[in-house]
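Assemble chain Z onto chain A, guided by the hints.
Chains A and Z, in that order, give the protein sequences.
Residue numbers for the first sequence follow this note's numbering, so the first one is 694 and each next one is one higher.
Residue numbers for the second sequence follow this note's numbering, so the first one is 692 and each next one is one higher.
Please keep in mind that the hints were generated in silico from the structure rather than gathered at the bench.
Please read all numbers here as calculations on a predicted model, not as lab measurements.
Just to be clear, a hint being listed does not mean it is correct.
The list that follows gives simulated cross-link-like pairs (lysine-lysine, DSBU-like), each with its CA atoms no further than 30 Å apart [as the list claims (entries may be wrong)]: (1) A:K889 / A:K870; (2) A:K820 / Z:K870; (3) Z:K870 / A:K797; (4) A:K746 / Z:K785; (5) A:K755 / Z:K870; (6) Z:K870 / A:K818.
Restraint ranges, calculated between C-beta atoms of paired labels, are given here [as the list claims (entries may be wrong)]: (7) A:A853 / Z:P799: 44 to 54 Å; (8) A:D799 / Z:F823: 52 to 62 Å; (9) A:S747 / Z:M756: 54 to 64 Å; (10) A:S710 / Z:L764: 42 to 52 Å; (11) Z:D705 / A:S710: 53 to 63 Å; (12) A:I901 / Z:W783: 32 to 42 Å.
Stretch by stretch, here's where chain A covers chain Z in the computed footprint (C-beta under 8 Å, at least three residues) [what the hints assert, rightly or not]: (13) 856–862; (14) 868–880.
In this text, a Cβ means the ideal position worked out from N, Cα and C, and glycines have one as well.
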Amino acid sequence: MIECKELNIEQGAFRLSGINFRIEEGEYIVLMGQTGSGKTTVLEAICGLRPVKSGSIYLDEKDIKKLKPAEREIGYVPQDGALFTTMSVAENLGFGLKIRKWNKADQTERVKELAELLGISYLLKRKVAGLSGGEQQRVALGRALAFYPRVLCLDEPLSALDEKTKEEMYQLLQKLKNELNITALHISHSKSEAVKLADKLLVIENGILRTEQVKL
Amino acid sequence: MSNLVHKKLKVKSDFPFFLIMGIVGGTYVFLIVAMVLADLTFTTPGHIFAVFKDEEIQYAIKLSMITCTITMLLSLVVSIPIGYLMARYDFWGKRFLDAILDIPIVLPPLVIGLSLLIMFQTAPGRFIESHFRITYTVYSVVIAQFMVACAFAVRTMYVTFSQIDVRQEQVALSLGCNKAQAFHHVVLPQATKGILTAASLAWARALGEFGPILIFSGATRMRTEVLPTTVFLEMSVGNIEAAVAVSLIMILAGFAVLISLRYFGSEKSLKSVR
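If we strip away everything but chain Z, and leave its shape as in the complex, we get:
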């Protein structure tokens, strides 16, 4: 017995633990970087310049940037109230509503496009169309992007508001605020980071949206062609160089947005703003 008590516990090295985790994680990171590098090696500055000179692709770049930004703003306008209400209140049917909010995330993108198209074939849909044409126009591009991107923004804002303690809000109420004032002065400033994350997610999702746009908006050059459509159209005529060059433009644009939002969302820049 006393032998057992005095026997020292031998603790094995932590090295294998970190080694295995590092290898598994590292492989994935390597694949991500390799993918982008492969695109880079496949193309030349000449290809990219040629792409930039193409009037149709210029239009696609412009349309992508404008629609993604509108989609991002719309997503924020919608996701902030939904996220707040879902995080703060319990009500009948909340779990059901929660499931509905996930539908755009789990539905295959093509199905979303088809459903939108069919929605505008119903009587109310046709009525709207007869006054204000939506399908196969740039408006349909924004709607197709928004339907998916907003779901991701809603998730982000829901988590953001859930993590903000309700106490500060209650104190604000006791100090003389109504709900709107407490929300504006106390809750929103705490949600800045979440809002920027939701914005960047929505923007990036919108940029990559293809399936719903193809079905709901078509792939008409100089009209509803966004950058993913360009990649598809160039590939389908065998112009891989142009497709890769456009892909690189999208990668760079995505990076630029993510990095700038991360920067503005970082503690450092928030401090300097205040």
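Next up, chain A with everything else stripped away, as it sits in the complex:
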């Protein structure tokens, strides 16, 4: 469960205030808003990559506002994937585990498992350069999921993909949602994407965040 209470974020002239929402365990939330509405800002604040002026962010009843990004146990998938370009696909997937000092055998086991789950086993030995957009996003997802994060934060993960790849990624995300029961905050500007994936919809409009039910 993750909850934002009266969150205020200021950055230069940009200001977002009074952000309140709650994501229950296992819920998949899509956060929508126009370009420049501040949806990425909210996501980065939750991940600890952007300072918060006031308010609280609770992860299972604990205020994580002051914790370092590393201590929050939140999986982060940025828009362009931002894969580690100097590492192989397998090294990307296992990075969080290496930092957590998992032993080698467990790391290899987990990386194999993730690769199978995401359908990228054939890529493990490849360098990151030359991967297609869909492949990159799969690796980025796997890298974020590897250490069993409590929440997954996705920043427009599908916006740069072509239609066919997008369709495959919807199916993959739905599969992850059903099989892993992940709690996720997914940013998007596409209503159709939101309808396909979301349990609940959050919309930022004119600096105000409100909840919408997904019409089925």
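The following block gives chain Z in isolation, referenced to the frame of chain A:
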């Protein structure tokens, strides 16, 4: 009207464009090569061997190689943190600091030497000198080289880190890294090429440094004589053959360093290392 619409646009040839650019650029490249060739024709293998046999010049070669390498390493140690902090953070007085970092590049080299000399005449400077002699020793050679060479390394590292996207670093933080781990595992490996460029620039600058060394370290044979000093001393006694021969040694040494760093910095060799 319809005549105008159907009139075809005639596109003139691109040939003059490339011709002019080629001539302008080619002239400069020609001058560079001509300069080196002129040195080559002026000297004979005999002159170069004679130079290599000279004990004083042997000392200068050795001192140049050692001081340039130390300067290069020091420059990297200093320029990597400065470049990273400048590229990643905005803080009060950053533009002022940016200007300060350029001072060694814009100051006349002689002025740098003189300023260093005067710095060691101040009370704190004299205190250091009374315990550990710096002026007119080999240590002053390294300091004189470092003051200038490091500024170029700082510029290079600043640009290098500015071009590295901050996202990968942020992801590393979210995956459990602290800043130092993210820097070590994610940022530095991406900066390899920039680091090698900074190293080669610093080394080459240090090799050519003369003005500050002349003033701050003196030109004493078998003590603070580096290769540019040799060229100066040989010229001043009219021994042009030896001066040219030493110049050629410097050109070759510079080439060797640049080419080897380029090779190690190339994609191909980086791939084979990994």
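Quick rundown of the hints versus the structure:
{"no.": "1", "hint": "A:K889 / A:K870", "verdict": "holds, 12 Å"}
{"no.": "2", "hint": "A:K820 / Z:K870", "verdict": "holds, 25 Å"}
{"no.": "3", "hint": "Z:K870 / A:K797", "verdict": "holds, 24 Å"}
{"no.": "4", "hint": "A:K746 / Z:K785", "verdict": "holds, 24 Å"}
{"no.": "5", "hint": "A:K755 / Z:K870", "verdict": "holds, 24 Å"}
{"no.": "6", "hint": "Z:K870 / A:K818", "verdict": "holds, 27 Å"}
{"no.": "7", "hint": "A:A853 / Z:P799: 44 to 54 Å", "verdict": "holds, 51 Å"}
{"no.": "8", "hint": "A:D799 / Z:F823: 52 to 62 Å", "verdict": "holds, 53 Å"}
{"no.": "9", "hint": "A:S747 / Z:M756: 54 to 64 Å", "verdict": "holds, 60 Å"}
{"no.": "10", "hint": "A:S710 / Z:L764: 42 to 52 Å", "verdict": "holds, 51 Å"}
{"no.": "11", "hint": "Z:D705 / A:S710: 53 to 63 Å", "verdict": "holds, 57 Å"}
{"no.": "12", "hint": "A:I901 / Z:W783: 32 to 42 Å", "verdict": "holds, 34 Å"}
{"no.": "13", "hint": "856–862", "verdict": "holds (count 5)"}
{"no.": "14", "hint": "868–880", "verdict": "holds (count 6)"}
This entry satisfies every hint, going by the numbered hints stated previously.
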